[in-house]
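As you go down the protein sequences, you meet chains A and B in turn.
The first sequence begins at 1 in UniProt numbering and counts up by one.
The second sequence begins at 1 in UniProt numbering and counts up by one.
To be clear, the hints were calculated from the coordinates, so they are not data collected in a lab.
One thing to keep in mind: the hints can contain errors.
Since copy identity is lost for identical chains, a pair holds within one copy or between any two.
The list that follows gives simulated cross-link-like pairs (lysine to any residue, SDA-like), each with its CA atoms no further than 25 Å apart [unchecked claim]:
(1) 128 - 180
(2) 128 - 190
(3) 15 - 74
(4) 128 - 36
(5) 128 - 34
(6) 128 - 197
(7) 15 - 159
(8) 51 - 108
(9) 15 - 55
(10) 128 - 189
(11) 128 - 50
(12) 128 - 184
(13) 128 - 191
(14) 15 - 62
(15) 128 - 37
(16) 128 - 193
Computed from a prediction, not measured in an experiment: that's the story for all the values here.
Each chain is listed here by its residues.
Number of protein chains: 2
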Amino acid sequence: MPTREFQRARSPEAKRLREDAILDAARRLGAERGIRQVTLTDIAEAVGMHKSAMLRYFETREEIFLRLTAEGWRDWAPDLAERVGALARPDADTVAAAFAATLTARPMFCDLLAQTPLNLERNVSVEKVREFKLTTGDGLGVILPAVRAALPALTEQDGVDLVAAATSLAGTLYQIATPGPEVAALYRSDPRLAHALVDVEPQLSRILASMLRGRIAERTA
Amino acid sequence: MPTREFQRARSPEAKRLREDAILDAARRLGAERGIRQVTLTDIAEAVGMHKSAMLRYFETREEIFLRLTAEGWRDWAPDLAERVGALARPDADTVAAAFAATLTARPMFCDLLAQTPLNLERNVSVEKVREFKLTTGDGLGVILPAVRAALPALTEQDGVDLVAAATSLAGTLYQIATPGPEVAALYRSDPRLAHALVDVEPQLSRILASMLRGRIAERTA
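Please build the complete structure, drawing on both the sequences and the hints.
Below, the structure is given as C-alpha cells:
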C-alpha cells in the first residue's frame with residue numbers, strides 16, 4: 001500500500017489531490033485562528049504529511065497563502081460583478097454597498113488581502129508572484145466592465161482606483177477590527193479609546209460611496 | 001567605569017538615554033531595510049547591547065516599532081494640520097494633496113502604519129496598546145480641527161473616516177509600491193502586470209480628493 005500511494009502521488013492527478021488537501025488544511029486553520037497564527041508545521045500536521053514532503057508541493061508557507069488569496073480573487077470578482085450587474089438602481093451608494101458587502105462576507109479573504117503585500121509576496125519566487133498578479137489582473141478584468149456598465153461616467157483608471165481603495169481598506173480595516181481578545185476588551189473598557197473601535201462594513205461602504213460620488217462628479221462636471 | 005555606567009543606567013535619565021539609543025538604532029535600520037527585515041537581534045547589535053539587557057527597556061521588537069509609530073503620529077499630525085491650516089484655497093483637492101504629500105514624505109511611517117494592526121499591536125502588552133491608541137487619539141485631536149476649519153461642511157465622523165482612509169491606504173499602497181528588487185523588475189518587464197505598478201502619492205491624492213468631494217456634496221446637498 002505505501003508503495004502504491006507513493007506512485008499515485010507522482011501522477012499529475014495525485015499531485016493535485018495532495019495540493020488540494022494542503023490548501024484545504026491551510027484554509028481551515030486560517031479561518032479558525034487568523035492567517036498570521038498558522039505556521040507551515042501546523043498545516044503539515046493538519047494534513048498528516050511531513051513538513052519536508054509538503055515542501056515538494058509548496059516552496060513556503062507564503063506560497064500556500066498566496067494561492068488561497070488568488071482563489072479568493074477568483075471567488076470574489078464574479079460575485080461582485082454579478083451583484084453590481086443586478087442592481088436595480090446602480091449609483092455611488094449601491095455600488096459601494098456591493099463592494100463592502102461582498103468583501104466583509106469573506107473575512108479570511110480580507111485577512112489575506114492585508115497580508116499579501118506585506119508578507120505573502122515577499123517570500124515566494126518571482127514566478128509565483130507573476131502567476132498571482134495575473135490572477136488579480138483577471139479579477140480586475142471581471143470587475144471593471146461591470147462597474148463601468150453600472151456607472152458609465154467612470155473611466156478604466158477610476159475603476160482601478162476603486163478596486164485598489166476597496167481591497168486596501170478591506171484588508172486594513174479588517175485587521176483593525178479584529179484585535180486579540182484582551183485588546184478588544186481594552187477598547188470597550190476605556191472611553192478614551194472609542195476611536196479604535198471599527199465596524200468594517202458600514203465604514204468601508206461610507207468611504208467608497210463618497211469616493212464614487214466625488215469621482216462621478218469630477219467626470220460629469 | 002563599568003560600575004559607574006551601570007549605576008547611571010538605573011537613574012530615570014540614564015534609562016531614557018538607553019531607550020533613545022535603542023529607538024535610534026531601530027529607526028535607522030527600519031529606514032534602511034524596511035521594518036519587516038529588522039529583528040530584535042539586529043537592533044541589539046546596532047546599539048551594542050546584549051539582547052537580554054535590551055529586554056529590560058522594551059518587552060518585544062514590536063514594542064520598539066510601536067513606539068516609533070507613536071513618534072510618527074506625533075511628527076505627522078501637527079505638520080499636516082499646519083499645512084491644511086495654511087492652504088490659500090482649501091478644497092477637496094488641496095486638502096487631499098496635503099494628506100498625500102505629508103504621508104509619502106514619511107516612507108518609514110507608511111511602512112509602520114501597515115505593520116501596526118497586523119503585527120505591532122499583537123505582540124505587546126495591553127498597556128502598551130492603550131498608550132499607543134491614546135497617541136493616535138491625540139493625533140486625531142490635532143488633525144480634525146484643522147480639517148474641519150478648512151472644510152466646514154465636514155462632520156467629526158467625516159474627519160475620522162478621512163484619517164482612517166488616508167492612513168490605511170498610505171500603509172497598503174506603500175507596501176505594494178515597494179516590493180523586493182526581483183519583483184519590481186518583473187512588474188516592469190511584463191506588460192500584463194502593468195496594474196501592479198503603483199505610484200503612491202498621486203493615487204492616494206486622487207482617491208482622497210474624490211472621497212472628500214463626495215462627502216462635501218453629501219453634507220451640502
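Legend entry - Hint numbers contradicted by this structure: Violated hint (a single one): 7; every other hint is consistent with the structure.
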